[in-house]
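Q: Work out the full structure: start from the sequences and follow the hints.
If you want the building blocks of each chain, they are given just below.
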Amino acid sequence: MNCCNEKPIIELYSGEKLCKSHFIEYFENKVLKTIRQFDLIDKKENLGVALSGGKDSLTVLYILNKLSKQNPKIKINAIAIDEGIQNYRDKTLEKAKDFCHKNNLELHIFSYKEEFGLKLDGMLKILNVKPCTICGIFRRYLLNKKSKDLKLTKLATGHNLDDECQSILMNQLKNNIQASARLGPKVGLVHDEKFVQRIKPLYLCTEKEVTTYAFVNGLLDEFNECPNVPQSFRAQVRDVLNDLENKFPGTKYSIVNSFLQTLPLLKQQFKDEVIKVCIKCSESSANDVCNACIYLEKLRKSIEVI
Amino acid sequence: MDKINVNVFIDRENKNTTLNLDNNSIVSDLLKKLSINPVTVIVARNNELILEDDKLKDNDKIKILSVISGG
Numbered sequence: 001m002n003c004c005n006e007k008p009i010i011e012l013y014s015g016e017k018l019c020k021s022h023f024i025e026y027f028e029n030k031v032l033k034t035i036r037q038f039d040l041i042d043k044k045e046n047l048g049v050a051l052s053g054g055k056d057s058l059t060v061l062y063i064l065n066k067l068s069k070q071n072p073k074i075k076i077n078a079i080a081i082d083e084g085i086q087n088y089r090d091k092t093l094e095k096a097k098d099f100c101h102k103n104n105l106e107l108h109i110f111s112y113k114e115e116f117g118l119k120l121d122g123m124l125k126i127l128n129v130k131p132c133t134i135c136g137i138f139r140r141y142l143l144n145k146k147s148k149d150l151k152l153t154k155l156a157t158g159h160n161l162d163d164e165c166q167s168i169l170m171n172q173l174k175n176n177i178q179a180s181a182r183l184g185p186k187v188g189l190v191h192d193e194k195f196v197q198r199i200k201p202l203y204l205c206t207e208k209e210v211t212t213y214a215f216v217n218g219l220l221d222e223f224n225e226c227p228n229v230p231q232s233f234r235a236q237v238r239d240v241l242n243d244l245e246n247k248f249p250g251t252k253y254s255i256v257n258s259f260l261q262t263l264p265l266l267k268q269q270f271k272d273e274v275i276k277v278c279i280k281c282s283e284s285s286a287n288d289v290c291n292a293c294i295y296l297e298k299l300r301k302s303i304e305v306i
Numbered sequence: 001m002d003k004i005n006v007n008v009f010i011d012r013e014n015k016n017t018t019l020n021l022d023n024n025s026i027v028s029d030l031l032k033k034l035s036i037n038p039v040t041v042i043v044a045r046n047n048e049l050i051l052e053d054d055k056l057k058d059n060d061k062i063k064i065l066s067v068i069s070g071g
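Protein chains in written order, with our numbering: chain U, 1 to 306; chain D, 1 to 71.
Honestly, the hints are just simulated from the structure, not real lab data.
This one's a predicted model, so the numbers in the text were calculated from it and none came from an experiment.
Wrong hints could be hidden among the right ones.
Straight-line distance between alpha carbons at most 27 Å, and here's what the computed DSS-like set of lysine-lysine pairs gives [said to hold, decoys possible]: (1) K298(U) to K186(U); (2) K125(U) to K43(U); (3) K57(D) to K17(U); (4) K20(U) to K63(D).
Negatives, chain U to chain D, calculated, CB over 12 Å [as the list claims (entries may be wrong)]: (5) N5; (6) L118; (7) F259.
Cβ atoms here follow ideal geometry from the backbone N, Cα and C, with glycine treated the same way.
A: Structure follows, in structure tokens:
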């Protein structure tokens, strides 16, 4: 079923076909509805947007920037982390810088090299760990620490429906339900000042919808994949989910919608989780020493041995 | 005309290829031939997005753009 006489550019899983202008309206309404439904943004915010320069983070920044123009009490700051992944992050950061420059947005860039003394590529030569594991630990650590330094009230990320679906399934497959309790459009189990709350305005948008929106708004650049991604467990789960979605359209929505119904129960079950403070860096941690400090110590010892 | 030639650029592989397809082929036939899951891509012709049931024409220049997040 077509929305109007204009040529459609996307077919939704429901079978409805939308033209460019109706799709933009549909997508932006969906994001606004997500923000309202899950109470993601207050009337006054000093909002951070975690910007990688990829289509998801550029899309969330583009939409939140539009929103902030209608509401001057919402201030937008972009934060980017330079992990030091050659031929990947250098290219996406250029896109991020270009976008922020053109839209007069402040961009704060923090690098592994400056903060930890080594780029990710260098760390991986020393540590025998999966790239995405260590990269995620250091990225989350820096994003939280720098968000606090910048006095951000919340940090928006470009996570979409596909990302959430993958995380839900990965946690199931690894029997890590406590990690699922921290998922959802508003991340975290309890509100704690050690954490800058992360929000996901694209939570109900599929990856295909985000890419289509990025395409029609000129936000889509040449394809650029992190060289470490194909090795990841997430990539394998992603492929399984895409096969299922192709055979049974709406699978991803079903997974996330059923998860949202159980999420309050999960949060209730783990509500007494105590957020400790790392004895080394004073950042939040599940244990006495946080994972970032554990890996930094391993790196220091390995460098001493070399 | 029984067959049409379609020039295809696949961004994820950074690859250009020309395919010889049956006349009346549609986008989903092209994706099937390339073993690409339609959930994972959007398809453009002359910088305009087209759908799986759109008919392909001789000498079309098609871009297949991955929707997969890069990192």
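Q: Compare the structure with the hints numbered earlier in the document and write down the numbers of the violated ones, lowest to highest.
A: Checked against the structure, the hints that fail are numbers 1, 2, while the rest are satisfied.
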